[in-house]
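J.: So the chains spell out like this:
Protein chains: 2
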Amino acid sequence: MAELPAAQPLMPVEQALEQLLAMADSAPIEQVQTVRLGDGAGRVLAEDLFAELDLPPWPNSAMDGYALRLADWTGEPLRVSQKIFAGKAPAPLEAGTCARIFTGAPLPDGADCVEMQENARVEADQRVSFTEPLRAGQNVRPKGQETRAGDRVLAAGTRLGAIELGLIASLGHAQVRVRRKPQVAVLSTGDELVEPGQPLQPGQIYNSNRQMLCSALQGLGCEVVDAGILPDDLDETRARLAALGDVDLILSTGGVSVGEADFLGIALREEGQLALWKLAIKPGKPLTCGHFRGVPVIGLPGNPASTLVTFTLLARPYLLRRLGMQDVAPMQFQVPAGFAWPKPGNRREYLRGRMERGRAIIYPNQSSGVLLSAAWAQGLVEVRENCTLVEGDWVNFIPFGELF
Amino acid sequence: MAELPAAQPLMPVEQALEQLLAMADSAPIEQVQTVRLGDGAGRVLAEDLFAELDLPPWPNSAMDGYALRLADWTGEPLRVSQKIFAGKAPAPLEAGTCARIFTGAPLPDGADCVEMQENARVEADQRVSFTEPLRAGQNVRPKGQETRAGDRVLAAGTRLGAIELGLIASLGHAQVRVRRKPQVAVLSTGDELVEPGQPLQPGQIYNSNRQMLCSALQGLGCEVVDAGILPDDLDETRARLAALGDVDLILSTGGVSVGEADFLGIALREEGQLALWKLAIKPGKPLTCGHFRGVPVIGLPGNPASTLVTFTLLARPYLLRRLGMQDVAPMQFQVPAGFAWPKPGNRREYLRGRMERGRAIIYPNQSSGVLLSAAWAQGLVEVRENCTLVEGDWVNFIPFGELF
Chain A
55 MAELPAAQPL MPVEQALEQL LAMADSAPIE QVQTVRLGDG AGRVLAEDLF AELDLPPWPN
115 SAMDGYALRL ADWTGEPLRV SQKIFAGKAP APLEAGTCAR IFTGAPLPDG ADCVEMQENA
175 RVEADQRVSF TEPLRAGQNV RPKGQETRAG DRVLAAGTRL GAIELGLIAS LGHAQVRVRR
235 KPQVAVLSTG DELVEPGQPL QPGQIYNSNR QMLCSALQGL GCEVVDAGIL PDDLDETRAR
295 LAALGDVDLI LSTGGVSVGE ADFLGIALRE EGQLALWKLA IKPGKPLTCG HFRGVPVIGL
355 PGNPASTLVT FTLLARPYLL RRLGMQDVAP MQFQVPAGFA WPKPGNRREY LRGRMERGRA
415 IIYPNQSSGV LLSAAWAQGL VEVRENCTLV EGDWVNFIPF GELF
Chain B
55 MAELPAAQPL MPVEQALEQL LAMADSAPIE QVQTVRLGDG AGRVLAEDLF AELDLPPWPN
115 SAMDGYALRL ADWTGEPLRV SQKIFAGKAP APLEAGTCAR IFTGAPLPDG ADCVEMQENA
175 RVEADQRVSF TEPLRAGQNV RPKGQETRAG DRVLAAGTRL GAIELGLIAS LGHAQVRVRR
235 KPQVAVLSTG DELVEPGQPL QPGQIYNSNR QMLCSALQGL GCEVVDAGIL PDDLDETRAR
295 LAALGDVDLI LSTGGVSVGE ADFLGIALRE EGQLALWKLA IKPGKPLTCG HFRGVPVIGL
355 PGNPASTLVT FTLLARPYLL RRLGMQDVAP MQFQVPAGFA WPKPGNRREY LRGRMERGRA
415 IIYPNQSSGV LLSAAWAQGL VEVRENCTLV EGDWVNFIPF GELF
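If you read the sequences in order, they're chains A and B. For the first sequence, counting from 1, position 388 maps to 442 in the working numbering; every step adds exactly one. For the second sequence, counting from 1, position 383 maps to 437 in the working numbering; every step adds exactly one.
It cannot be assumed that every hint is accurate.
Since the list gives no way to pick out one identical chain from another, each pair is judged satisfied if it fits inside one copy or across any two copies.
Heads up, simulated SDA-like pairs for lysine to any residue below, C-alpha to C-alpha not over 25 angstroms straight-line [stated by the list, open to error]:
1) K336 with E106
2) K336 with L71
3) K197 with E106
4) K336 with L254
5) K397 with R123
6) K137 with Q180
7) K336 with T128
8) K339 with G251
9) K137 with D245
10) K197 with P418
Source of the hints: derived by calculation from the structure; they are not laboratory data.
The shape of chain A in the complex, shown without the other chains:
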C-alpha cells in the first residue's frame, strides 16, 4: 500500500504462498462442530474417520442368479431351496440345493459361489442346471471388501463433498465432526465504489469484487461477514475495522495501489502490522499481508482480474490451510496452448482462457473486459515468466470448476 518502492524485487508466487501457508499453520481454526451429513458439504473433517463396521457387513451377491456350494454341483440339476432378496437374512443353505439370490442379498451360510442367471437353465421340474464352469468365490463380494472395522476411511483435513458424505453415510454415521466455518470479513476500499442497485454518481463505479468474493467464499464453506465499502477516511477506517471484532480473516480488495489515499494501510501500520508484496505475477502484482489488532488481513488488488487470480492462488489456499487441509493448491492440467505467446514477460501470467478442441485458447484482449472475459473463460492459463510459446506448447490450465 501507499507508494510501493520501485526497487522492491518481485516475489515469486510460490514464496508468497509459502509464507501465507506458514501463517495459516500458526493460526489454525481448531474448534469442532458436529453437523448432520446434509449440512456437511464444503466442510472440512476435524478428525480422522474410522470404520466401525465391515463393509459389506456380510458376503453378498454381485449378481442376480443362484447361490450354491461348489462341492454340491455334480452336473445334476439342483433344487431351489430358498429365495433371498436384498435386505433379508437367509437361512443356511440346505445341502445339495441352491438358492435363488438377487444382487446385494446376503450369501447364505454354506454357499461359496453365485452363478448369474444368464448362465443358469431352469429345468421342467424347476430344478436348475448351470451351463458354464463354476469356481469358488465367483460373483461373491466378501465381507469387509470395501472397508474393515478399524480402518481409517477419511483423514482429518479432508474437505467433504457429495462423495465423501455418501461414504460416511455408508458407514452408518448420520453426523460428522467438522471444523467450524471460518468467519471472513469482506471489505472493499475506495470512495469510487457503489453497491449495485444504487444510482451511480460521476466518477463512481459499481462494486463487483464484493459479490464475487462473497459467492466464492460461501462456496468454499466460509461464513461471510459483509463489511461493505471502506470510505477514504482514516478515523472511519479504524472504527470499521475495530467493529469487525474477532473474525478469522479480513479480506480486502483495492487500496493497494491507490497511493496516497490508502487509509487501510495506515490503520494496519498503526494498530497491527503490514507487509506489502510485489508479486511476480500478472495480473495481481500488489498484495497486502498483515493484521489489525491480531486479526489477519489479506489485501487483494482491486482490479477484478487481479482479485480473481490472487484469490485463486493465495487467499483460497490460505483459508483451506487454516482449516487443516494439506493439499490446498487448485487442480491443474497440462494442456496444449491454442495460442502463441511471442513476447516473454518478467512476471508469470494468468490468462483468462477456455478449452476448445483440446487446446487452451485465451481471451483476445486480456487487459479489457475483465469480468466479461472471466465469465467467458473456463479457467486460468499459466504462462511462465521469461517464456515464449508457440501453438501446441504445453501450458498449465487451472479450471474454475469448484473455485468460482
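Let chain A serve as the given structure and place chain B on it in line with the hints.
T.: Only chain B this time, still in chain A's reference frame:
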C-alpha cells in the same frame, strides 16, 4: 427393470444422452424468479442480460501517475493543477498543466494520456517532468472498454457462479432473473437399505446414494425432496410415488437389476411409461427412463459407482438442460494414462482416478471399495470400448471439481 432381456443390444452413452436431452428440451422449467445476487449462485439465467451502461462509464486511469494533454508536453515541466482520486469527478484539465491521478480515477476533460509515477520526476518547484516518450491514450482505459450500453453480456441459460455474479454487480444490478430451482425427488429402492444413524439388521446396509445424490443435486441448484427409501411393496410404492405430486423429476437409485422384486418398474408400467436401457458403459449398465403420471423418472443403478457415473454423464446434463443450458457436458481434459489397460472391453469404462505427476492413475481395484475409491479419486478416467492402452496413451479425464 425386471428381467433385462439378455439379447437387448447395448446403447452407446451418446445415444442415451441425446434421448434424455430431447426429453429435457420438451419439458423445460420455464418459471422465472427474481433473486438477490447473493442468492444467485448455481442458478441459471432466465433471460439474456444486457448492459444498461458503459463500463467503465468514463475514461479512467490505469495507473497511479499524472494525466495530461499530450500537446501540452513540450519538455518543460508542467504544474500540477489538481489531484484526482478514484470516485471523484474531476474539473476539466487546465491548459498547460497536468493532474495528479490515481488508478481508477476519471480522466479530466482535456487530458488524453496518463504517465505512470515511476516515469515522472517532481522538480524542486513541484512541477513535473516526464522521462520517457509519451503517446496519446497511454494508460487510459477508454469509456465502454469493458461493455457498452446495449451489449448482451450474458446469455439466457448461463449458469451463475461467483464470476458471473460479480459481472452482473458491475453492471449495477442488485437482482437477477433466474429459472426456478428444479424440484427433484430422490428415492432409493430396496428393503436392504437403512438410513445412517439407525441400527443395522442382518442383511441390511446403509443407504449412501441418498446422501451423495442429495448433496450433488443441492450443489447443482436443485430443491431436493427427500423421498426416502421405497419399500419392496407394490401398493406402498404406488402410494409414495403419487404423494410426491408435481415434482420436476423423480430420481431413483437401485431396483433396476433386482429382477423379480422391482416394484418401481411395475408401478411405472401401470401408471406411466418405462424404458429400460442397457448402456454400453461400465459401471452403470442398466438405466431406467420413463414417467409416473406424467412426472419424469430417471432410475439410476444402485451400486454407488454406477450411481456416480450415470449421474455425472446423464442425470446432471438432463437437469441442466431442463433449465435451458445448452452446454451441459462435464468439463474434460485429455491426459496421459499413468496405467496400462491390456484387455479391451465391449463397454466404455469410467474408472475412478486421480492426477499424479501429470498422469491419470486409477484406483487399483475398481470393483471394490466403491466410495472409498471415489473419495480417493479426483475424477473419472474414460477408457473407450474395444481399446487397449499402454502408459502414456491419451485418455479423457473428467474432474469431479464442481460435480460432487
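J.: For every hint, state whether the structure bears it out.
T.: Now for the hints, and whether the structure bears them out:
{"no.": "1", "hint": "K336 with E106", "result": "neither (50 angstroms within a copy, 30 angstroms between copies)"}
{"no.": "2", "hint": "K336 with L71", "result": "within (15 angstroms within a copy, 41 angstroms between copies)"}
{"no.": "3", "hint": "K197 with E106", "result": "within (14 angstroms within a copy, 64 angstroms between copies)"}
{"no.": "4", "hint": "K336 with L254", "result": "neither (30 angstroms within a copy, 56 angstroms between copies)"}
{"no.": "5", "hint": "K397 with R123", "result": "neither (73 angstroms within a copy, 30 angstroms between copies)"}
{"no.": "6", "hint": "K137 with Q180", "result": "within (13 angstroms within a copy, 98 angstroms between copies)"}
{"no.": "7", "hint": "K336 with T128", "result": "neither (75 angstroms within a copy, 33 angstroms between copies)"}
{"no.": "8", "hint": "K339 with G251", "result": "neither (31 angstroms within a copy, 51 angstroms between copies)"}
{"no.": "9", "hint": "K137 with D245", "result": "between (76 angstroms within a copy, 14 angstroms between copies)"}
{"no.": "10", "hint": "K197 with P418", "result": "between (57 angstroms within a copy, 19 angstroms between copies)"}
Taken one by one, the earlier hints fail for this structure at numbers 1, 4, 5, 7, 8, listed in ascending order.
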